[in-house]
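*Asks:* Chains as they are written, first to last, in our numbering: chain A, 6 to 444; chain B, 8 to 254.
Source of the hints: derived by calculation from the structure; they are not laboratory data. These numbers were taken from a predicted model, which means no experiment stands behind them. For each residue, glycine too, the CB sits at the ideal point set by N, CA and C. Just to be clear, a hint being listed does not mean it is correct.
Pairwise CB distance ranges (calculated) [to be verified]:
| no. | chain 1 | residue 1 | chain 2 | residue 2 | range |
| --- | --- | --- | --- | --- | --- |
| 1 | A | 297 | B | 160 | 46 to 56 Å |
| 2 | A | 16 | B | 83 | 10 to 20 Å |
| 3 | B | 57 | A | 346 | 32 to 42 Å |
| 4 | B | 53 | A | 260 | 27 to 37 Å |
| 5 | A | 35 | B | 77 | 29 to 39 Å |
| 6 | A | 204 | B | 37 | 44 to 54 Å |
| 7 | B | 79 | A | 412 | 33 to 43 Å |
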Amino acid sequence: MLHDVNINVHHLTRVEGHGNIVVNVTDGTVEQCEWQVPEAPRFFEAMVRGRHYSEVARITSRICGICAVGHTLASVKATEAALGIEVTEQTKKLRSLLKHAENFDSHVLHVYVLVAPDLLGAPSVFPLIETHGEVVARALRLKRLAHEWGSAIGGRTTHPTTVIPGGFAKLPTVKELEALREKILAAVPDLEATLDTIAALAPKIPAFDRPTEYMAVSSASEYGLYDGEAVETVLADGDRARYAVDDYRTFTNEYMTAQSTAKFTKNRLDSYAAGALARFNVNYEMLRPEAKAAAERLGLEPVCTNPYMNTVAQVVEVVHSAYEGLRLLDELIESGIADEGIVQPTRFASGASAVEVPRGILFHEYEYDAEGMCVRANCIIPTNQNHGNIQRDFDALLPRLLAEGISEDDMRLRFEMLVRAYDPCISCSTHYVDVEFVR
Amino acid sequence: MAKPTLAFFDFASCEGCQIEFTNYGDAATLELLKHVDVVEFREAMTETTGGRIDIALVEGSFTREADRARLQDIRHRARVVIAYGACACTGGINALKNHQDDFAEYVYGEHATMPHLESGTARPISAAIKVDYEVPGCPISKDELLLVLSNLLHGTEHVTPPYPVCVECKRRETVCRYDEGDHCMGQVARAGCGAPCPADGIPCEACRGFVDDANLTALEKVLMERAGFSQKRAVGKSRMFTANLRS
Ligand code: SF4
Ligand code: SF4
Ligand code: SF4
Chain A
6 MLHDVNINVH HLTRVEGHGN IVVNVTDGTV EQCEWQVPEA PRFFEAMVRG
56 RHYSEVARIT SRICGICAVG HTLASVKATE AALGIEVTEQ TKKLRSLLKH
106 AENFDSHVLH VYVLVAPDLL GAPSVFPLIE THGEVVARAL RLKRLAHEWG
156 SAIGGRTTHP TTVIPGGFAK LPTVKELEAL REKILAAVPD LEATLDTIAA
206 LAPKIPAFDR PTEYMAVSSA SEYGLYDGEA VETVLADGDR ARYAVDDYRT
256 FTNEYMTAQS TAKFTKNRLD SYAAGALARF NVNYEMLRPE AKAAAERLGL
306 EPVCTNPYMN TVAQVVEVVH SAYEGLRLLD ELIESGIADE GIVQPTRFAS
356 GASAVEVPRG ILFHEYEYDA EGMCVRANCI IPTNQNHGNI QRDFDALLPR
406 LLAEGISEDD MRLRFEMLVR AYDPCISCST HYVDVEFVR
Chain B
8 MAKPTLAFFD FASCEGCQIE FTNYGDAATL ELLKHVDVVE FREAMTETTG
58 GRIDIALVEG SFTREADRAR LQDIRHRARV VIAYGACACT GGINALKNHQ
108 DDFAEYVYGE HATMPHLESG TARPISAAIK VDYEVPGCPI SKDELLLVLS
158 NLLHGTEHVT PPYPVCVECK RRETVCRYDE GDHCMGQVAR AGCGAPCPAD
208 GIPCEACRGF VDDANLTALE KVLMERAGFS QKRAVGKSRM FTANLRS
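Given only the sequences and the hints, what does the whole structure look like? Please build it.
*Replies:* And the structure:
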């Protein structure tokens, strides 16, 4: 067993945004074991004050370029709740389809570019071009498909243009939807190959169980991503709790710490997890059969308490999104696309929303004045919800690694892989705290 | 001959501009990588080089004095520095808070003075170091960025169109937002994006910055007269992505 450990990873690589890992053990005593978030704060909630409701989503979208679709959707949903706007079924289906594109997109990037190098023993994806050329080409093909899929519905994937409060500023044509359907169908062999690759690498995923509370958006009709009338949590023993979206402050309980520019959260335990594994644990029953089969093949079962398995849960969701996307496309092609116009506000008040983004739940809340100008905003970001859980994982992981007697380098890798498994999106996690509006 | 080296760096940003790099597809990406060696890219790779770089691509705004030394180091090591994205070129959306004095209190409440939350005015990268090329936009147009890189590799001068977005918008025969009862800033926005926003049914908000001789007084007048904005909203609108470009 190592008696002295000194790990200091400044600005961890292969994660979005900036995070540090600091572990210090002297003479067998743990002096420090911290996950730190030093990202530069950007203050979006302050910036949307005084902006018209039609602009707010285009500002908050800029919180995160990777979850831009999710931020846009969460933002327009909260604005619609505040303005008493009921969008049409067609709008909901198109938004769901767009949401699936983003999950597919982000998960492909994370699994192939950020995690796979660890499992293949490479420092990044670039050397893999030489050694695993077909894997890299496949990743780029799937990534491009996701980009074309999202652009067909959202206009753009990085800061979508067409999604506005009340509906769509521009609708896709049935012909475009048919072309998209063909593209997704053509990617099925790449999806199968992805499962083969991950199945082969799965034994390299570290074993580490630390039960926590898992939180996800829940819907009676689907595996909650865009849609979902409530938020549900499940514990390792299967015990469930259900909450109304509007009460989000009472089950996220944000708090500040000195180690981070981002806020931490907790609910029934002293931390909780959000993201693909949490969704899988909460909403397993609503997965497409193809996705359930993929989970079985990859050895993933609910309730899974190994945070390193988040990557596997992401692969399962990639399969789910492909087949759910095809189902939505079939329905939209069958019914045709109607030009329904934009649903207009019926009031100016406040409203909240919850949407799943690749890394977990995103909560947005706004209040508008009679001119439709934003007077108050609050957003809670998935990565913030995971920071506390990452810290608790660190606390549990260190004694186990010390007992295993592995080298400091291997320890560092295990900590890095743990953080990467959460796919933290730190750049977007650093602007949030509850703020009570002073009238 | 060794391939030119390319390195990516990021400051206060959403990282959306670097994400655009992953959207070229297999053929174009693998082709680009035949011509350049990516040597540093924290989001995507563990490898780093402490040494010289041919092309440094810098994303994000300069918001903390603490970042000045990192920027100077990049400048010192790089032959060419390209600021890409509105955050890096002008301060972009981050500058929306520059005219507020309570943003930290608003977001962090009583904790606003914790030292690690220090973040001042959002400024362009050029406020700290000399920048050789700017690729504007929020996000950048990935085709334009590829063109800038390719021109650089071939030693060809790159020119951004000097005219406003309206020219590109009319060229593609989009119905004007004003004729749809909406508003738009295409009259003063720098072209080069191909005017995607009006074509997608939303106003141009000048994410690429202003043309050189932009008449902002006239813009505010049009926003009030043709779109019925209050003066306050007209002034606020013209700040959207361009707060640092106006008084
Ligand atoms: S310019 Fe826009 S897309 Fe690019 S990093 Fe800044 S906010 Fe993101
Ligand atoms: S829509 Fe905007 S960019 Fe197009 S012509 Fe009208 S004002 Fe110009
Ligand atoms: S049309 Fe305007 S807002 Fe849209 S990309 Fe071009 S400059 Fe930016």
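*Asks:* Against each hint, give a clear statement of whether it holds in the structure.
*Replies:* Hint check:
Separation of residue 297 of chain A from residue 160 of chain B is about 48 Å and conforms to the stated range, judged on CB atoms against 46 to 56 Å. Judged by the Cβ atoms, the range 10 to 20 Å given for residue 16 of chain A and residue 83 of chain B holds: they are separated by roughly 19 Å. Between residue 57 of chain B and residue 346 of chain A the Cβ separation comes to about 58 Å, which falls outside the hinted range of 32 to 42 Å. Checking the proposed 27 to 37 Å range against residue 53 of chain B and residue 260 of chain A shows it holds: the Cβ atoms sit about 32 Å from each other.
Hint check: residue 35 of chain A to residue 77 of chain B, Cβ distance near 31 Å, so the stated range 29 to 39 Å holds. At about 26 Å, the CB distance of residue 204 of chain A to residue 37 of chain B disagrees with the hint of 44 to 54 Å. Between residue 79 of chain B and residue 412 of chain A the beta carbon distance is about 36 Å. The supplied range of 33 to 43 Å therefore holds.
Hint check: violations occur at hints 3, 6; the rest are consistent with the structure.
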